[in-house]
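*Asks:* This is what each chain is made of:
4 protein chains.
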Amino acid sequence: MLGSKKKYIVSGDSGIKAQIQFADQKQEFNKRPTKIGRRSLSRSISQSSTDSYSSAASYTDSSDDETSPRDKQQKNSKGSSDFCVKNIKQAEFGRREIEIAEQEMPALMALRKRAQGEKPLAGAKIVGCTHITAQTAVLMETLSALGAQCRWAACNIYSTLNEVAAALAESGFPVFAWKGESEDDFWWCIDRCVNVEGWQPNMILDDGGDLTHWIYKKYPNMFKKIKGIVEESVTGVHRLYQLSKAGKLCVPAMNVNDSVTKQKFDNLYCCRESILDGLKRTTDMMFGGKQVVVCGYGEVGKGCCAALKAMGSIVYVTEIDPICALQACMDGFRLVKLNEVIRQVDIVITCTGNKNVVTREHLDRMKNSCIVCNMGHSNTEIDVASLRTPELTWERVRSQVDHVIWPDGKRIVLLAEGRLLNLSCSTVPTFVLSITATTQALALIELYNAPEGRYKQDVYLLPKKMDEYVASLHLPTFDAHLTELTDEQAKYLGLNKNGPFKPNYYRY
Amino acid sequence: MLGSKKKYIVSGDSGIKAQIQFADQKQEFNKRPTKIGRRSLSRSISQSSTDSYSSAASYTDSSDDETSPRDKQQKNSKGSSDFCVKNIKQAEFGRREIEIAEQEMPALMALRKRAQGEKPLAGAKIVGCTHITAQTAVLMETLSALGAQCRWAACNIYSTLNEVAAALAESGFPVFAWKGESEDDFWWCIDRCVNVEGWQPNMILDDGGDLTHWIYKKYPNMFKKIKGIVEESVTGVHRLYQLSKAGKLCVPAMNVNDSVTKQKFDNLYCCRESILDGLKRTTDMMFGGKQVVVCGYGEVGKGCCAALKAMGSIVYVTEIDPICALQACMDGFRLVKLNEVIRQVDIVITCTGNKNVVTREHLDRMKNSCIVCNMGHSNTEIDVASLRTPELTWERVRSQVDHVIWPDGKRIVLLAEGRLLNLSCSTVPTFVLSITATTQALALIELYNAPEGRYKQDVYLLPKKMDEYVASLHLPTFDAHLTELTDEQAKYLGLNKNGPFKPNYYRY
Amino acid sequence: MLGSKKKYIVSGDSGIKAQIQFADQKQEFNKRPTKIGRRSLSRSISQSSTDSYSSAASYTDSSDDETSPRDKQQKNSKGSSDFCVKNIKQAEFGRREIEIAEQEMPALMALRKRAQGEKPLAGAKIVGCTHITAQTAVLMETLSALGAQCRWAACNIYSTLNEVAAALAESGFPVFAWKGESEDDFWWCIDRCVNVEGWQPNMILDDGGDLTHWIYKKYPNMFKKIKGIVEESVTGVHRLYQLSKAGKLCVPAMNVNDSVTKQKFDNLYCCRESILDGLKRTTDMMFGGKQVVVCGYGEVGKGCCAALKAMGSIVYVTEIDPICALQACMDGFRLVKLNEVIRQVDIVITCTGNKNVVTREHLDRMKNSCIVCNMGHSNTEIDVASLRTPELTWERVRSQVDHVIWPDGKRIVLLAEGRLLNLSCSTVPTFVLSITATTQALALIELYNAPEGRYKQDVYLLPKKMDEYVASLHLPTFDAHLTELTDEQAKYLGLNKNGPFKPNYYRY
Amino acid sequence: MLGSKKKYIVSGDSGIKAQIQFADQKQEFNKRPTKIGRRSLSRSISQSSTDSYSSAASYTDSSDDETSPRDKQQKNSKGSSDFCVKNIKQAEFGRREIEIAEQEMPALMALRKRAQGEKPLAGAKIVGCTHITAQTAVLMETLSALGAQCRWAACNIYSTLNEVAAALAESGFPVFAWKGESEDDFWWCIDRCVNVEGWQPNMILDDGGDLTHWIYKKYPNMFKKIKGIVEESVTGVHRLYQLSKAGKLCVPAMNVNDSVTKQKFDNLYCCRESILDGLKRTTDMMFGGKQVVVCGYGEVGKGCCAALKAMGSIVYVTEIDPICALQACMDGFRLVKLNEVIRQVDIVITCTGNKNVVTREHLDRMKNSCIVCNMGHSNTEIDVASLRTPELTWERVRSQVDHVIWPDGKRIVLLAEGRLLNLSCSTVPTFVLSITATTQALALIELYNAPEGRYKQDVYLLPKKMDEYVASLHLPTFDAHLTELTDEQAKYLGLNKNGPFKPNYYRY
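Residue numbers (numbering that gives the first Met the number 0), protein chains in the order written: chain A, 0 to 507; chain B, 0 to 507; chain C, 0 to 507; chain D, 0 to 507.
Don't take each hint at face value.
Identical chains blur together in the list; that is why a pair holds if it fits in one copy or across any two.
Said to hold, decoys possible - With a straight-line cut-off of 30 Å between C-alpha atoms, the simulated DSSO-like cross-links for lysine-lysine are:
no., residue 1, residue 2
1, Lys244, Lys463
2, Lys336, Lys490
3, Lys409, Lys124
4, Lys124, Lys496
Hint data in this document are derived by calculation from the structure and do not stem from the laboratory.
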């Protein structure tokens, strides 16, 4: 559970209000704040790249209409009013965003083509609660092309791209989401998705567990017809395992968060790039020659270390797990305790999934101009609260960058107030989102079509063969040519020619 | 089962007679050739470093005594004759080798110290069948220090270091092994270990499964008292899984081959270095600018690719598994089919665990001076047999290096006749052997002390906690300092402060 | 002169009007456009990081005063009006920027301390024409601390940071510069620096050659008292060499552009980072697995290739120089002609210093979504003009990012309209500017103090010993500890213990 | 004999007696020891690869003829006896070696073809003194094909490959060299080359300066007809610069040692590989996680550091030159003084060209099992002599590997007794030798054909254009495709389309 955990947070105008429940947080669902940002969004609406004059951003800005969407009467061009979005007239702009996203999500497009004939989701009634972005739209339209009916709400009150929501509504999708929902709006939207006259969902696609929770709480009978839940967030998965443990999970659930392909891209490959991007955009620092300590050598830590080493930084690693520690050694990093190097390093990066990894005591001992940031989990890793004391002065020097100044003039540079650097201060490439969306689509197909008894009331990892299939759909992006086993070779290895190719414990 | 499989073979003067049974080989145990080399040996006896004038090698050479050890009457200084080695008088030389090995195996020495007080193997009667080298001797003496009684035979007819066997015999270990055993000798030695008046083993430590097989065949009743089997080779593990599948496994067995630490060291880290070493020692080639195709991107392939890329080679990869293929792409390698690049590459390296990956057709199309070698599995990957045709001329240009010459003068450079390059032409660092030996010791302790019912008649992976312990014992070598969880952190993460730290599906 | 050339350009609001004269441009000085951006600026005013809400940027924005500074009557707090800046009242904000810059320019601060006692520039009257930024201010105040009098103008009509100019004026520096000068303003400011009653410069610090040109043209007699010119830009150096060749150079000039330390930082080390930063900020692309062709393997190309290779891209190189080509091979890059790979690559990067390296023909053959950008020189490398034809549609998708769309729908992504990516779309770390400024300071000290006859009317490289000194002043940043030669070793090597340590032809 | 044959230097049975004169050695030529090994030799005679059963080695071994070649009467098949070699009958074996070398030296073969028509060396009478190996033979036969007459002696008493010398003699070359010359033999052979009735050399090709010295001393009048000297060793070049400084150089000399191509290959690229090879062959150590200090960050140090970093070692650097020190920092290495890390490192590598870099004091403080070796220069860098004290025990554990044992049991592992590791314990690829030989051939052509006055009585670097030509001849090896300038581009850059492409101070 260490090092590999990672979660996505999105900043709103008034700052991030992210919150991820974890082991020691006995959240009560109906009291929890709902303005939660769990997933990063596509680049075009990332808050951290406000210098990008995407057309989306520009026309969004002009829609300064303050009327609540709930109070508006809107119809799409076909006369339907089964949706609630900011402004249906923005549909054309949103359509353009979707078309651009389609170009960068060839796997979903391929899926549409390959599976379209047989309509593997014919009869599926999917209720979804995710970020509403162009990439999500490509997913929804793919599900639709495969035969499914969909109803959708946003999993985050800030992350909806209004134009995309409008485009979806215009195309006939019942979408209930806009940017800047209130908490009440949030649950209202979800309710509008599930509480429909004459329509009952039989599949759930969730991101964070709020939709699942709402149905559990309000419409438990609905589960009788539900074939399964697909959940992609760490938090949502955690909740599902808790339900399962408590014997309360009443349908099969698929944990797509831990599929190999998704994990490697969300953590290792994506962070290898975003650590550099996040640091550069916020501080314009030079990496060469800098001394860096990376706390945690899971996938995220491995990615950060590899990138910084390649850029000429001198990297130290801290770890609690001896196996990961040994890997750090063999990969060429000095394994230290944080105290040993805290006085000398130029940058401190946390990637542990743990809390209070960087304490006030550490912060007190850092040298002047030391940069402190978090790539790991939520905002617990650095004890930022401990810096809110009278003797320290905070100075906001840029968006996402604070100088915290000690009485003797020493200042440390705190990024994103200790929240996730890569999500607050860099962007997530569409390619990564494509992998996630493809994984979700395949999980839905699998659960919906699985023969009776294949899945019980438990939480499952995506079958390896589907994991492999997601990967194979993304190979053409790289003009990569896979080799096929001959019959003789397949027999020799005892493998099916179409996979799966590895035992379950294989570590990649 | 791909890419990650790897096996060790040792060459004798008269060539390697290695043979690894795999899926399609229905071997009958009592007919199979026994002169099998399965594991690599320590550097001091490696056939590929005959330029090293280790003292061991030199005094070995002088012992040109042709009498069979079975016909000799030997006693150690305490009067015991319960052993059979080449020459008990070489004990002193062997002791020196053991002492040197001890310096490089700090984990076993630490284990002796830490566990000695409680003698966790008190009462254990271990029969072992492994390579007999200085490193094995350190393992045996550690087991003894922990309270066990041991009897030992060699798992390979060529690999015994006679001086070390003598030193063990002199110290009172019943050892039955010498370099150059006949097939009959091989089984005789094993039999002498198990067929003893008044002594019955209760633990088995096997490497390749021959010992286990012998007991199954000759003394099945012995299993009533046996608490478990520890097996470390791919082949032996494969046999155990077959037994288990067939319902014939009558004691718990521990598959130590697939422990995380061992796998990473045997495959990724060791091969990252030995691919360079093996190529350099045999061909003295320059790596910079060379075009290389690596077949297979499992741990071995990953290690080979990383090393060659770092040395300035241009590396192409072939794969059958789309996930590994995607990893190759993200790591910066062009994923191709072998046919696409076979005409242009300077080096072909197989790391697949498969057979006939490089066919005669490929070989026909390679360019002049192309180097072909195998890092993967046995000698099946390159279809060497297809080169034994009249129109091709073989020219032995060095030990382990053949030029195969086509009628038009084109020559390819075949290394180690397609057997494993890293074992035939480079050496295995003691550090790697130390990890294996420590893993074996811990597996024996675990199986021997496990409460009734923890292990059934099945094949188990080493418990993660012990895997982590093996790693932790090797950290001091790197002056590496592990961080400990605070109570608060452990609670937050829901972990025990002493581990295990990861879920079972964690991929490292 | 290839590959290693690099120049800096700054974009103004209305687009970049950069222009660098080169071999084939017979510019006449008095006709040339003056709105030239030659040097990159510090991060805080970089046009490419408008998302950074530096305090400077924010208070700048509020000063929407449209009166020309030339028409204002301003005095500093000491009553002086020998300056012309936007608004003297912004001095306090500028001082804060300067203080922050001081923290990051320890070499200049060390120089102040070390050389202050002796005032090596006592009596020096320096007229300067450079970008006016916080870093320049640190340089000017250092020169002043060393004994010099300074008068200063801007070398670029857009690049002046008004607050910093105000702070300098407040401190008593005669500064004539503001952001948004007209061409007439530009020359007026320069003239106000040199045409002063009762003050004649004896040293020139120039960046681009405009100041030097102005004095040549208007006040040639002034050169009688001038001890030397220090010039740091490629363009300015080129002009000086032309003057020297034509026998018209009448004072010694120091080419600080080609000092080892400056070159390596401006080119290799800085570009190694800025290629990633520039691509990421503009496109949010993922580097892993991407196919990239880098045109030119000089220092800039080497930096780009190393960074992209480390991020998992597959990199091809084109070169005209066989030595650099061989280096590319040995460093692990396929050396190709652009035509060979143009259809398959995802990114094209030019780093040649040449023109028309990427032609319309190449652009026509690129695949959909190919990204095209220039890291090399000016905007000549990509034939952007050839894309201004009716059948192609240009779509501005972000600041600095255009989609150029072919009739069949194919689009290429053109960054910064073919101008320098790293300057348009990323930033230059203060550390790099620190090296440049230190080099300038030392060159001034050297020229001013050189004994008669050491320098003739020619263009000189910075003496190696001073180059080494610049490097040594920056080592403390990395907590780097230099080893000193013993007397015996110095004698053995035939070296002075204080350097210089290498022959002139040494290549580093 | 193998695909990538290689090279050379040189251990004798009783160890290497290499000696390089440097600044503080006022050697008197006629007193200096002559059994000097200055250059490495081909692998086939390398003492460190005695496991290679090259046919050459084997037939050499069988020629246990103890008669001095000087006392033998030998004729080649054409009746000539103008040579002195070990055994003319070995010619056939030597011819085979030469033919194999030809395959791997395509640049010289291309030179034969390209320049053959015009015979640019027609009339040249070249006297040479170099190592006599297959690669040298390819050079000599190339020179001959270009029109030159050659006479040749060995520059090292141990390095001659007798079979190759025989093959050259059989082909009509007057060769005077054998393995195992006495000092008297050495000078006698040189004298036989120059002191010939009716033949006077007009070109000198020297390696170490002994031939040049002999002519200076014995036949100074000969210089009247000599057009130039080509010298390739550090030592020889040093002597030439001393002669030049003293005004005693009476013909032009070409320093080919410092050509760009040769330097990069001999130092950076070759050492990047040989540091790994040398350490592996001698110690079988694992690189991953090891702490290494590299003394000196010139080209050799850069190569060593890059390779070890890539293999997962943690590398520290020491430097005396601040510029190289700053490079080390930016490349990601901690710059330290040796004392700071000497207690903790696992390996110490010297690459300084200096003396007493590692002192007894350092050696005393190293930890147990620390490996110490020299990649830099001669055997002065490690103060090996200081270890020859009674309290320390030396134990030879392998060829080229000594354990030096302190009274408390601590042992350090000293490689090659402090002589050059890469030459004693690894090999030099033929590709590197090919570059050197091509450079020599081009330098001879240049000096021989230069118009009167181009070269004066001074030491010159190889003209850049020829340096570029050497590189271009080696590009086909990598299937590398050079781009050509268009006329327009060449004009823009002010360059000739055929080069040279860079200013003299360009640093590559």
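*Asks:* Run every hint past the structure and note whether it holds.
*Replies:* Structure-based check of all given hints:
With identical chains, the CA atoms of Lys244 and Lys463 are at most 30 Å apart both within one copy (24 Å) and between copies (22 Å). In the homo-oligomer, the alpha carbons of Lys336 and Lys490 lie at most 30 Å apart only across protomers (20 Å), although the nearest pairing inside one protomer, at 50 Å, exceeds that limit. Taking the shortest Cα distances, Lys409 and Lys124 never come within 30 Å of each other, neither inside one copy (59 Å) nor across copies (37 Å). In the homo-oligomer, the alpha carbons of Lys124 and Lys496 never lie at most 30 Å apart, since the shortest distance is 34 Å inside one protomer and 45 Å across protomers.
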